[in-house]
Amino acid sequence: MTDIRARTGDFEAAVLPHLDLLYRVARRYTRDTPRAEDLVQETVLKALAHWDSFRPGSNARAWLLTILRNTFVSAYRKGRHEAVALEPEALDRVSTRPEAAADPSGEFFARITDERILGAVEALPEDFREVVVLSDIEGMSYAEIAKVLEVPIGTVKSRLFRARQRLQAELLEYAVSMGWVRPRAAG
Amino acid sequence: MSAGHTTCREAIALLEDWLKEELTPELAGRVRAHFDRCRPCFRHAEFERRFLAELEAAGRGERCPDQLRSDLLREIRGADRD
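Keeping their order, the protein sequence lines are chains F and A.
Per this note's numbering, the first sequence starts with residue 1, numbered consecutively.
Per this note's numbering, the second sequence starts with residue 1, numbered consecutively.
Hints are supplied without guarantee of correctness; some may be wrong.
[Stated by the list, open to error] Now the stretches of chain F that chain A is said to cover, found in silico as 3 or more residues with beta-carbon under 8 Å:
{"#": "1", "region": "56-63"}
{"#": "2", "region": "70-82"}
[Said to hold, decoys possible] Some, not all, of what chain A presents toward chain F, calculated at C-beta under 10 Å:
{"#": "3", "residue": "E26"}
{"#": "4", "residue": "L55"}
{"#": "5", "residue": "L73"}
Simulated from the structure, these hints should not be mistaken for lab results.
Since we're looking at a predicted model, the values are computed, not measured.
Backbone N, C-alpha and C fix where the C-beta goes; we use that ideal spot for every residue, glycine too.
Looking at chain F on its own, in the form it has when it is part of the complex:
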């Protein structure tokens, strides 16, 4: 009895600090509140069932996210997964995003809402969405994301770059349509 109490006590200490993170990531994966709640619940119960396989002192956050992602992929994903094509490092990064020049007074940042930003994140293909969420919202390192997604660090970086490009293009198009920023000159 004492052993079991200690076991669930350890589990609580390792997992409860990450519930907000698991919920946010589940929201972005499922794009739906009730399904996100179900996904978090299933993730935590699976983690509890497999707690013996967790190595004490290792990265509980990455371990939990791996379980969450596998659960999403096997049971919650709707429709066919469409992998995104990546041309590795073929992009000219100097000329890609000079958007600041179109918005000298910073109207874009002053007016864009959280809802609009999250809507644009949720409109991204899943491979792009998950790297943006893990890196730019949750602040995880390239190495930690690579571990959770089981892809090389270079893939994480390429996807992240492309995902941010798409997000900015989408949000700037909206900002231009609202008259907040000037359209970029052609050429």
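We have chain F already, so just place chain A on it with the hints.
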């Protein structure tokens, strides 16, 4: 990268890693020094930094609902009695 001043191309190629604080201190310092003396690159970097700050702020506002949290706690502690 050659010794001496970092070029615009080099600095912008390293921008993502610099913003994520994944460069060595030496390389990060060189990128920082470039942005300090190059206004167009500084503006580019500043746009990216603010964009990432907005993205983080937008996404970090949500918390696990209290009901779900207490349901989970009950299930975890209920496992003691099984």
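Against the structure, the hints come out as follows:
1. Restraint check on the region 56-63 of chain F versus chain A: 0 residues with Cβ-Cβ distances below 8 Å, three needed, restraint violated.
2. Counting residues of the region 70-82 of chain F whose beta carbon lies closer than 8 Å to any beta carbon of chain A gives 0, which falls short of the minimum of three for the stated coverage.
3. Contact between A:E26 and chain F, as hinted, is not supported at the beta carbon level, the nearest pair being about 19 Å apart and thus beyond 10 Å.
4. With 10 Å as the threshold, the beta carbon of A:L55 comes within range of chain F, its nearest partner Cβ sitting at about 5 Å, so the hint holds.
5. The criterion of a C-beta within 10 Å of any C-beta in chain F is met by A:L73, whose closest approach is roughly 7 Å, and the hint holds.
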